[in-house]
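Going line by line, the protein sequences match chains A and B. Here our numbering = 1-based position in the first sequence + 605. Here our numbering = 1-based position in the second sequence + 84.
Calculated from the structure, these hints are not laboratory results. We treat Cβ as the ideally placed atom computed from N, Cα and C, and that holds for glycine. Be a bit skeptical, because a hint or two may be false.
To spell it out: a stretch of chain A is covered by chain B in this simulated footprint if at least three of its residues, at any positions, have a beta carbon under 8 Å from a beta carbon of chain B; those stretches are [unchecked claim]:
#, region
1, 620-633
2, 677-688
DSSO-like mimics (lysine-lysine), calculated; alpha carbons at most 30 Å apart, straight line [unchecked claim]:
#, chain 1, residue 1, chain 2, residue 2
3, B, K139, A, K673
4, B, K125, A, K606
5, B, K98, B, K150
6, B, K125, B, K98
7, A, K647, B, K125
8, B, K125, B, K148
9, A, K647, B, K104
10, B, K181, B, K150
11, A, K673, B, K150
12, B, K98, A, K673
13, A, K606, B, K139
14, B, K98, A, K606
15, A, K673, B, K125
16, A, K673, A, K606
17, B, K181, A, K647
18, B, K104, B, K125
19, B, K150, A, K606
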Amino acid sequence: KQEVTQIPAALSVPEGENLVLNCSFTDSAIYNLQWFRQDPGKGLTSLLLIQSSQREQTSGRLNASLDKSSGRSTLYIAASQPGDSATYLCAVQGTGRRALTFGSGTRLQVQP
Amino acid sequence: GAVVSQHPSWVICKSGTSVKIECRSLDFQATTMFWYRQFPKQSLMLMATSNEGSKATYEQGVEKDKFLINHASLTLSTLTVTSAHPEDSSFYICSAKHSGGLYNEQFFGPGTRLTVL
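Produce the entire structure from the sequences given, and follow the hints as far as they go.
Quick look at the structure:
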């Protein structure tokens with residue numbers, strides 16, 4: 606059974622810092638991995654999707670990497686802003702399972 | 085493109101009543117939709133996979149007679165919480181897999197917050 610772990614569970618940084626969020630998964634037989642953002646009481650916003658054959662994806666200040674063999678992904682946020690404050694969720698789609706398995710999330714607070 | 089809507093966005097009901105939540109893919113067809121549940125300060129947990137024209141597949145521990153799923157068309161799936169109780173209070177989120185999509189990407193609805201008094 607796939608398990609997804611995110612570290613740290615919470616993170617507080619001053620505005621302008623670069624930061625890295627970590628995600629690990631136990632079964633490397635994945636189809637893709639997605640990073641989402643969730644604001645309090647809201648739904649999910651998809652940030653980046655990495656196919657299993659890809660190593661990284663970039664969108665603006667965000668860069669996500671994937672090392673399938675080691676079961677790890679990182680989300681790099683450059684020059685953090687207070688508006689980046691949210692919970693970031695990592696989710697994987699296995700090759701044999703169409704639904705996503707989510708990690709427990711990292712709650713990020715960027716202080717002005 | 086690839087927008088998924090949910091209705092209602094929030095609902096408060098008395099214990100024992102049934103609540104129906106709709107999930108619609110607005111600009112694409114989805115043969116498969118998924119229903120997730122999120123309790124406060126927890127992550128999303130898959131409840132069931134909804135397949136158009138066939139029975140839903142439920143995850144272990146999810147009561148199929150309590151959480152009725154109907155996927156009657158390629159753009160609509162409904163989740164009915166029957167005889168709701170306070171422990172069913174949660175955030176319910178659906179996602180839809182684009183039938184013609186290239187990367188199996190799932191698109192999520194905005195969620196429905198259910199509070200059972």
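Hints, one by one, checked against the model:
Figure legend: the region 620-633 of chain A, annotated as covered by chain B; annotation inconsistent (0 residues with Cβ-Cβ distances under 8 Å, at least 3 required). With 0 residues having a beta carbon nearer than 8 Å to a beta carbon of chain B, the region 677-688 of chain A misses the requirement of three or more and the stated coverage is violated. A distance of roughly 33 Å separates the Cα atoms of K139 of chain B and K673 of chain A; the hinted pair therefore is violated under the 30 Å criterion. For a cut-off of 30 Å, the pair hint linking K125 of chain B to K606 of chain A stands: about 23 Å separates their Cα positions.
For a cut-off of 30 Å, the pair hint linking K98 of chain B to K150 of chain B stands: about 16 Å separates their Cα positions. Between K125 of chain B and K98 of chain B the alpha-carbon distance is near 24 Å, which keeps this suggested pair within the 30 Å criterion. Among the hinted pairs, K647 of chain A with K125 of chain B is consistent with the structure: their alpha-carbon atoms are about 12 Å apart, no more than 30 Å. With a C-alpha separation of about 25 Å, the suggested pair K125 of chain B and K148 of chain B falls inside the 30 Å cut-off, and the hint holds.
Proximity of K647 of chain A to K104 of chain B is assessed by CA-CA distance (about 19 Å); at most 30 Å being required, the pair is judged to hold. A threshold of 30 Å between alpha carbons decides the hint, and for K181 of chain B with K150 of chain B the separation of about 24 Å falls inside it, so the pair holds. Between the alpha carbons of K673 of chain A and K150 of chain B the distance comes to roughly 38 Å, so the proposed pair goes past 30 Å and is violated. Between K98 of chain B and K673 of chain A the CA atoms are separated by roughly 47 Å; this puts the pair beyond 30 Å, and the hint is violated.
The suggested pairing of K606 of chain A with K139 of chain B holds, with an alpha-carbon distance near 23 Å, which does not exceed 30 Å. For the hint linking K98 of chain B to K606 of chain A, the alpha-carbon distance of about 37 Å lies beyond 30 Å, and the restraint is violated. With a C-alpha separation of about 28 Å, the suggested pairing of K673 of chain A with K125 of chain B holds against the 30 Å cut-off. Straight-line distance between C-alpha atoms of K673 of chain A and K606 of chain A comes to about 16 Å, which keeps the hinted pair within the 30 Å bound.
This hinted pair checks out: K181 of chain B and K647 of chain A have alpha carbons roughly 20 Å apart, not beyond 30 Å. For the hint pairing K104 of chain B with K125 of chain B, the CA-to-CA distance comes to about 24 Å; that is within 30 Å, so the pair holds. Restraint check: the Cα-Cα separation between K150 of chain B and K606 of chain A comes to about 25 Å, which is no more than 30 Å; the hinted pair holds.
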